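So the chains spell out like this:
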Amino acid sequence: MHRLFQFRGGVVLKEHKKDATALPVQPAKLPATLILPLKQHIGSPAEPVVAVGDKVLKGQLIARAGDAICAPLHAPSSGTVTAISDHPVPHASGMSAVCIIIETDGEERWRPRERTLSNAAELSAQELRGIIRDAGIVGLGGAGFPAAVKLDPGGRPVDTLILNGAECEPYITCDEMLLREHAREVLAGLLMMRHALAARRCVIGIENNKPRAFRALCEAVRDSGADVEVVEVPTIYPTGSEKQLIQMLTGKEVPSGGLPIDIGIVCHNVGTAYAVYRAVELDQPLISRYVTIAGSVAHARNLEVLIGTPLGNLIEECGGNRDSLHRLIVGGPMMGTAMHSDTVPVVKGTNCVLVESTTHDVPLPSRDAYAMPCIRCGNCASACPVNLLPQQMYWYARARDFDKIQDYNIFDCIECGCCDYVCPSQIPLVGYYRYAKSEIWNQEAEKRQADLARERHQFREFRLEREKKERAERHKKKRSAVTQGGSDDKQAAIQAAMARVRAKKSAQDSTPKNTDNLTPAQQKAIDDADRRREEKTRQNPNESKAATKPDRP
Amino acid sequence: MTLQTPPSPHIHSGLHVSSLMLQVIAALIPAIICYTWFFGWGLIINSAIAVLTALASEALMLKLRKRPLKPFLGDGSAVLSALLLALCIPPLAPWWMTVLGVAFALIIGKHLYGGLGYNPFNPAMVGYVMLLISFPLEMTRWMPPFILEQLEIGFIDTLGVIFFSHLPYGLSIDALSSATPLDAMKTDLGLNNTVSEITANNALFGDVAGIGWEWVGTWLLLGGMYLIYKRVISWQIPLAVIGSLFVISAFFFLMDADTYPSPLFHIFGGATILAAFFIATDPVSASTTPRGRILYGIGIGIIIYVIRTWGSYPDAVAFAVLLMNMAAPTLDYYTQPRVYGHARGKD
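Chains as they are written, first to last, in the numbering used here: chain X, 1 to 553; chain W, 1 to 347.
Treat the hints as calculated values from the structure; they're not laboratory data.
Hints are supplied without guarantee of correctness; some may be wrong.
Each pair of labels, with its calculated beta carbon distance range [what the hints assert, rightly or not]:
hint : chain 1 : residue 1 : chain 2 : residue 2 : range
1    : X       : 439       : W       : 333       : 17 to 25 Å
2    : X       : 453       : W       : 330       : 34 to 42 Å
3    : X       : 299       : W       : 343       : 29 to 37 Å
4    : X       : 4         : W       : 14        : 25 to 33 Å
5    : X       : 4         : W       : 55        : 45 to 53 Å
6    : W       : 14        : X       : 209       : 17 to 25 Å
7    : W       : 330       : X       : 439       : 21 to 29 Å
8    : X       : 447       : W       : 333       : 52 to 60 Å
9    : W       : 343       : X       : 316       : 32 to 40 Å
10   : X       : 453       : W       : 333       : 30 to 38 Å
11   : W       : 114       : X       : 469       : 26 to 34 Å
12   : X       : 459       : W       : 113       : 30 to 38 Å
13   : W       : 14        : X       : 212       : 25 to 33 Å
Okay, the calculated bits of chain X under chain W, using three or more residues with CB under 8 Å as the criterion [claimed, not checked]:
hint : region
14   : 140-150
15   : 317-327
16   : 396-403
17   : 417-428
Because the structure is a prediction, the values reported are computed rather than measured.
In this text, a Cβ means the ideal position worked out from N, Cα and C, and glycines have one as well.
Hey, can you work out the whole structure from these sequences and the hints?
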């Protein structure tokens, strides 16, 4: 018996799972148009490799992965690319994004096999990841992180590979139906993933409200003889949340801000394992998935739906009325997203389409439009599986005190909605936390910009200051050269200059004169003249100048 | 047709503030019936006056503050505050005291701070303390249980006393009033009597506390247990209040049983159980973290004991609650639980 570690908090929800599990899964009708958003995953959008007007075959690559965190796209059916343009995508904001739009031809012609089948066991981890990446597989539990990236431990040891079959949200039964009908294939996919990760052990977690799926899995494991534990976990929302399931099965907590791989754990969804099996074993890229259609529809059920099928088609197929739609939720009632339009397509991460129409009984008891003030009852804190204080976070979110709200660890919030569900004041708490988170992100982006600007400004100030200093330094050097330390130099310079003058003078003196080479008589006459001049100067020094004049030749 | 796009989650448990408040009110009803059995119609009439005053005050303030009437008048919080205050007022107190106390509690104690969810102090206790300080004589003029005096005044007579101070024929106000057991204990201890002498000589005292009071306390205890079972209130505050009061009173009782009454007397005497389960647990003004609630409850238990034993008031529930209300925001800040994925020992 596997030991379980109950996480704190959580809520027990009405399951509503019976309706959609009554009918076996069958392929959904082929829609006339498939809408394939280029970004159906976490990471950068895929890059189209087809042009408008191109004929495509089922399974053919239509957009390739640009960088490491990306997933390629494949044509879910054969047909013609009619547009590569903006179309509404399943997003809370109701935004549009670039999609490849394919008009199907109804022939469902497959592309030729690209890979000869090989024994999966002989493939290396690297080869497996390559196949999984090329098949465009992303996490099918909803988050949509490229699976190949998550299957690359990057040299870190993986102790436990957990396969998440908990499926804790009400209404959603696609994983349950997949396990009931394809337990063997899921198990095969799991073993391939284990091989890629070199994981020491494998655990499959499944909520105890799915006995048939549990039995099917146990049988598959027994028949294959694989060393895989299948563990039933209590039906408490949110057991299917990655962090909570890890805690439940291992007693370990994923560090705040970290990833499961940091504690040697990797967690994948059962649907992802099935997609891996199909890619590796059948050479089929991810072009369809199981989707639950529930709520105000005549026949709630699970269908195998081609990626890109508009939600409206599924609603009609299950006997819903598109004209009386009131709310359309993609995902579960706790964490799903309300759509702005029923023309948005099923994407890789779409597990459930929950329909609420005005003509049927309202299946989703939602909170009052008028929220009462928080009375700090603490129900939210008791229900929080992360042990936050939602009442305090709400208080600071309302007050826009985003520093304080981070003191209360808002970024550890997994937005499971438990607090909101139990709030007697019926406050849309999760909405407040999303708002606070996005405001903080915006502020941080702004702050980064401001920091950058301030850094630039500070550097400029520093540079100006430095230049000023350097200039001052140069001036100082010059000045001191003139005054103090350079006085010897100056004297030397003066003396040198004087020496130059003297030398020049003596050179002048040494130039030949007409008084050279004189005859003794001439010499005598000169001497006499000099003597007279001297005498004269001695007698009348003031006239010496004048007296010398006549001597000039 | 335009689709609604509210944020997730898209379902709700259906829990509502009014359902919480109504459950608390329901849990009070057995104790109110028991109280009426022992002490007569006074509480019922006071409760009616209090509830009407509360609704009128609430409506007036909502109107002035331009808030919608329907959700707030129907939330039950004003009715609950009124009932709690009525339980704290002597059963034969004149009508205007109840009106004044309740109006003060709701207008000053609640709405001037921002109404439901924003009042830092427990409104009922704000009203009670105002009355206790302003009208100490009237607020300490309690009744002995009927079975002691062999008299029982009927509904009409009680109405006469409350509204017209008209005493039934042949009765003086002294005959109708008596100290509470806590008050008697305090006064007599001050006269250097021992606890055993006091309880033996005064007919007010029953098996553990006061006759009548101990039964009211028992029903309050059962009502409180029901609220914990239904998760309307958390277990931390009641346990901490009663536990800390028990420990500290047991300590002194064991040291000197003549001077210090027993722990059971402290728990079943006065308003301890009412405070522990119904007053201190008012979520708005209490601490909201699990550890904070324990500290908050311990604080209340200790202050109750200290004021009862060494202070000048016989009971201290209101002061203890109001003092700890002040500490609640600080307690909340320093008692944040360890969040998933954060290292143990540090936050």
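message: Looking only at beta-carbon atoms, does the pair residue 330 of chain W, residue 439 of chain X fall within the given range of 21 to 29 Å?
response: Holds - the Cβ-Cβ distance for residue 330 of chain W and residue 439 of chain X, about 27 Å, lies within 21 to 29 Å.
message: Holds or violated: the 30 to 38 Å window for the beta-carbon distance between residue 459 of chain X and residue 113 of chain W?
response: Given a distance of about 50 Å, which is not inside 30 to 38 Å, the answer is violated.
- request: Check the following: the C-beta atoms of residue 343 of chain W and residue 316 of chain X are separated by a distance inside 32 to 40 Å.
  value: Violated - the Cβ-Cβ distance for residue 343 of chain W and residue 316 of chain X, about 53 Å, lies outside 32 to 40 Å.
- prompt: Regarding residue 453 of chain X and residue 330 of chain W, is the given constraint of 34 to 42 Å on their beta-carbon distance met?
  reply: holds (39 Å)
- request: Given the range 26 to 34 Å, decide if the beta-carbon distance of residue 114 of chain W to residue 469 of chain X lies inside it.
  value: Between residue 114 of chain W and residue 469 of chain X, where Cβ atoms are some 58 Å apart, the hint is violated.
message: Can you tell me if the region 417-428 of chain X counts as covered by chain W, using C-beta to C-beta distances under 8 Å and a minimum of three residues?
response: holds (count 9)
query: Should the hint that residue 447 of chain X and residue 333 of chain W are 52 to 60 Å apart at their CB atoms be regarded as holding?
result: Given range 52 to 60 Å: violated, Cβ gap about 25 Å.
task: Count the residues of the region 317-327 of chain X whose CB lies closer than 8 Å to any CB of chain W, then report whether that count reaches three.
output: Satisfied; 5 residues make the cut.
field: Given coverage of the region 140-150 of chain X by chain W, checked by CB-CB distance under 8 Å (3 or more)
entry: It is violated: at least three residues are needed, and the region 140-150 of chain X offers just 0 whose Cβ sits closer than 8 Å to chain W.
- request: Note whether the CB distance of residue 453 of chain X and residue 333 of chain W lies within 30 to 38 Å or breaks it.
  value: holds (35 Å)
task: Verify the coverage statement for the region 396-403 of chain X against chain W, using a C-beta to C-beta distance below 8 Å and requiring 3 or more qualifying residues.
output: Violated, because only 0 residues of the region 396-403 of chain X bring their Cβ atoms closer than 8 Å to Cβ atoms of chain W.
field: residue 4 of chain X versus residue 14 of chain W beta-carbon gap, inside 25 to 33 Å or not
entry: holds (30 Å)
Consistency with the previously given hints fails for numbers 3, 8, 9, 11, 12, 14, 16, ordered from lowest to highest.
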